[in-house]
Amino acid sequence: MNWNSPFMLTVGLPLLKIVILLGVVAFCVAYTVWLERRLLGFFQSRVGPNRVGPAGLIQPIADGLKLILKEDIIPTNARPFLFRIAPIFAVVPAFAGFAIVAFAPPAGPRASFLISDANIGILYLLAITSLGVFGIVLGGWASGSKYPLFGSLRSASQMLSYEVPLTFSVLSVILMAGSFRLDDIIQAQGKLPFLVPLILAFGVYVISAVAETNRAPFDLPEAESELVGGFHTEYSGMRFAFYFLAEYANVVLVCCVATSLFLGGYKIPFLPYETLLAGNPWLVSLIGLAVFAVKAVAFLYFYIWIRATFPRYRYDQLLKIGWKVLLPISLLNLLLVAGIKLAMLR
Amino acid sequence: MTEPLRVEGTAPLRKVLETKNLELNFGPQHPATHGVYRAVLALDGERVVGIESIIGYLHRGIEKWAEYRTYTKATPVFDRLDYVGAILNCHGYVGAVEKLMKVEVPKRAQYVRVILDELQRIANHLLWLGTHALDLGAMTVLFYALREREVIMDLFEAMLGQRLLQNAYPIGGIRLDFPKGWDRACRNFLAEFPNRIDEYETLLSTNRIWVQRTRGVGIVSGEEAVALGLSGPTLRGSGVCFDVRKAMPYSSYEEFDFEVPLGERGDVYDRYIVRVREMRQSIRIVQQALDGLPEGPLMPEKLSKIIRPPAGEAYFCVEGTKGMLGFYVVSDGTDKPWRLHVRAPSFVNLQGLERMCVGGLVADVVANIGSLDIVLGEVDR
Chain A
9 MNWNSPFMLT
19 VGLPLLKIVI
29 LLGVVAFCVA
39 YTVWLERRLL
49 GFFQSRVGPN
59 RVGPAGLIQP
69 IADGLKLILK
79 EDIIPTNARP
89 FLFRIAPIFA
99 VVPAFAGFAI
109 VAFAPPAGPR
119 ASFLISDANI
129 GILYLLAITS
139 LGVFGIVLGG
149 WASGSKYPLF
159 GSLRSASQML
169 SYEVPLTFSV
179 LSVILMAGSF
189 RLDDIIQAQG
199 KLPFLVPLIL
209 AFGVYVISAV
219 AETNRAPFDL
229 PEAESELVGG
239 FHTEYSGMRF
249 AFYFLAEYAN
259 VVLVCCVATS
269 LFLGGYKIPF
279 LPYETLLAGN
289 PWLVSLIGLA
299 VFAVKAVAFL
309 YFYIWIRATF
319 PRYRYDQLLK
329 IGWKVLLPIS
339 LLNLLLVAGI
349 KLAMLR
Chain S
-3 MTEPLRVEGT
7 APLRKVLETK
17 NLELNFGPQH
27 PATHGVYRAV
37 LALDGERVVG
47 IESIIGYLHR
57 GIEKWAEYRT
67 YTKATPVFDR
77 LDYVGAILNC
87 HGYVGAVEKL
97 MKVEVPKRAQ
107 YVRVILDELQ
117 RIANHLLWLG
127 THALDLGAMT
137 VLFYALRERE
147 VIMDLFEAML
157 GQRLLQNAYP
167 IGGIRLDFPK
177 GWDRACRNFL
187 AEFPNRIDEY
197 ETLLSTNRIW
207 VQRTRGVGIV
217 SGEEAVALGL
227 SGPTLRGSGV
237 CFDVRKAMPY
247 SSYEEFDFEV
257 PLGERGDVYD
267 RYIVRVREMR
277 QSIRIVQQAL
287 DGLPEGPLMP
297 EKLSKIIRPP
307 AGEAYFCVEG
317 TKGMLGFYVV
327 SDGTDKPWRL
337 HVRAPSFVNL
347 QGLERMCVGG
357 LVADVVANIG
367 SLDIVLGEVD
377 R
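Going down the list, the protein sequences come from chains A and S.
Each residue of the first sequence is one higher than the one before, starting from 9 at the first, in our numbering.
Each residue of the second sequence is one higher than the one before, starting from -3 at the first, in our numbering.
Hints are computed from structural coordinates only; laboratory data are not their basis.
Check before you lean on any hint, since a few could be wrong.
[Said to hold, decoys possible] Pairs of lysine-lysine, DSS-like flavour, derived with a Cα cap of 30 Å: (1) A/Lys74 x A/Lys154; (2) A/Lys154 x S/Lys16; (3) S/Lys16 x S/Lys298; (4) S/Lys16 x A/Lys328; (5) S/Lys69 x S/Lys298; (6) S/Lys69 x S/Lys301.
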């Protein structure tokens, strides 16, 4: 097989990468669930899943198997077509977002660790992740039941209101880096992660991202003690698993994006290992991948820590925070960053 | 909002566009109703405009059932009323029969009863705290609270042989004295427990989200609370100082030094903080009782094996975990009660729910039900 043929370069190689990435992401998502359950166990002075395999490591596979084998129930009142496709609407954007994440420095001209080096990477990411809400709204509506309807109504307003501060906080990152490309943004953080100069934007991003992904303390659309299960109350078996997968894929995606935008991606501040080990590109890539993974997992830990600590917000309070606190802060931050940038240009 | 719309009402709320209220079945199978309680909510968006309680899913006819048993044999079934505060139910019933028979409970038995009662109160409040916090999304508190409750359960098991439904007291006194080492285990727990309460308070009392979720939610003024017949921490959260242990002392409660914590505004937060402070007061009471435990018999000397109270009636109430828990017993001189009625605080407190919920949001309904601390075994009996 000729790896240098135009067909392989434009179609074959990206396809191969997509297949690998899908597998890796699905694996990561499964083990995010495992990590969350274990960590929650430790936070709450209990053990967590530890029966299936050593330290419960086979648990995600057992869970997946169980969900596949479960009966797929479509309620009588549901709109069957929408009910069937809604979970797909949720899961596809969550996975598609990974296309522009640069996990490690490239090991060669054709051995990059990202699928698409799009020069509008961030815009694509914002666009594709906001599509995820359709899956939730459709699923809640199509279920033909009241609790899911409430869940999807909440979800619609919540995700729309938090999109705005999230975008503004990302905009300030773009201003700092001067590019929409994710790799450029990472390169711009070689000396100092954006976390330090953009601490405000980071705060806004974290809060909005938690709300965007419907996680505690903003897990209102699925608030189990109020809405039972929210939008996925009526779902079971594999369709439920799709929603589950989408939620955790979004969490992993947010961790990856936060790592890239604020924590410096695969860079280590004050340690330019890429230039030190320039002769050995694969080693550089591996180290980069490890650094990225460590940062992403650290962020994930923070995510789970939040969930273990805080009570849930109320619907109106949540919207109030989004519009009256986060939006002004992110706007102010954007103005500040733009002003400083302008002053530096002069 | 002037008059809350009834559930059946489909009256238009806005003149321009005719809208209908959404009727939402909240329970009986719902994670936040603390049992098989069902509320039918009338909703305008997420705002509650009407709430109708539907109860009886757990009705077992306990009071009637007891009329067909002898006084002694009827005792264990009252544990099944409020099954997370079983000892206090037992105390209420046994106390009513003792009052009917005019039996003087020995001093030591009275003190032991106080110790067990207060431990049961702590155990109940712990379970309440955990589930209430879980309802509002703070899941960790539940596991912390259950961890401490476990210690109390072990103490009960060592003393009474059972953990949850202990059938704690026989009519007249107590069955057995403390087992060896119980005193020390109990004191260890009492010494450690205040730190644990601090831990819960760190997670909740000063937590901004918790305060926002509970402050100003489900307000019931003191007057309304009295008019609705509320009692227990739910009443004291509204600032009304009424505690059966102080107002009508029984079982030597007048000999102990403790405070009655009161709320100011009567909202969910006040009801929460009253219960948390009550746990601290319970520790004080148990400590005093352990220190001043008098020697003496456990059962009165002249008490026949078959309980046959003279014809008459008696009403005896204790400060239950949920409020004023009263037992009304009518005797016709036989060995079985002729009529028996329980004033169940959960049942009466549930009346306050409509006042608390109407005008609030769906999420507040959950907070309000949690703050009432209802147990359906007691509501339905």
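Decide if the proposed pair is consistent with the structure: A/Lys154 and S/Lys16, CA atoms, cutoff 30 Å inclusive. Satisfied, since the Cα-Cα distance of roughly 14 Å is no more than 30 Å.
Given pair status - S/Lys298, S/Lys16, alpha carbons within 30 Å: 68 Å, violated
Does S/Lys69 pair with S/Lys301 here, judged by a C-alpha cut-off of 30 Å? 12 Å, holds
Regarding the pair A/Lys74 and A/Lys154, is the alpha-carbon distance no greater than 30 Å? Between A/Lys74 and A/Lys154 the Cα gap is close to 27 Å, so the pair holds against 30 Å.
Verify the proposed pairing of S/Lys69 with S/Lys298, using a straight-line Cα cut of 30 Å. Holds, at about 20 Å.
Between S/Lys16 and A/Lys328, does the CA-CA distance stay at or below 30 Å? This hinted pair holds, its Cα atoms lying about 26 Å apart.
Hint 3 from the earlier list is the only one contradicted by this structure; the remaining hints agree with it.
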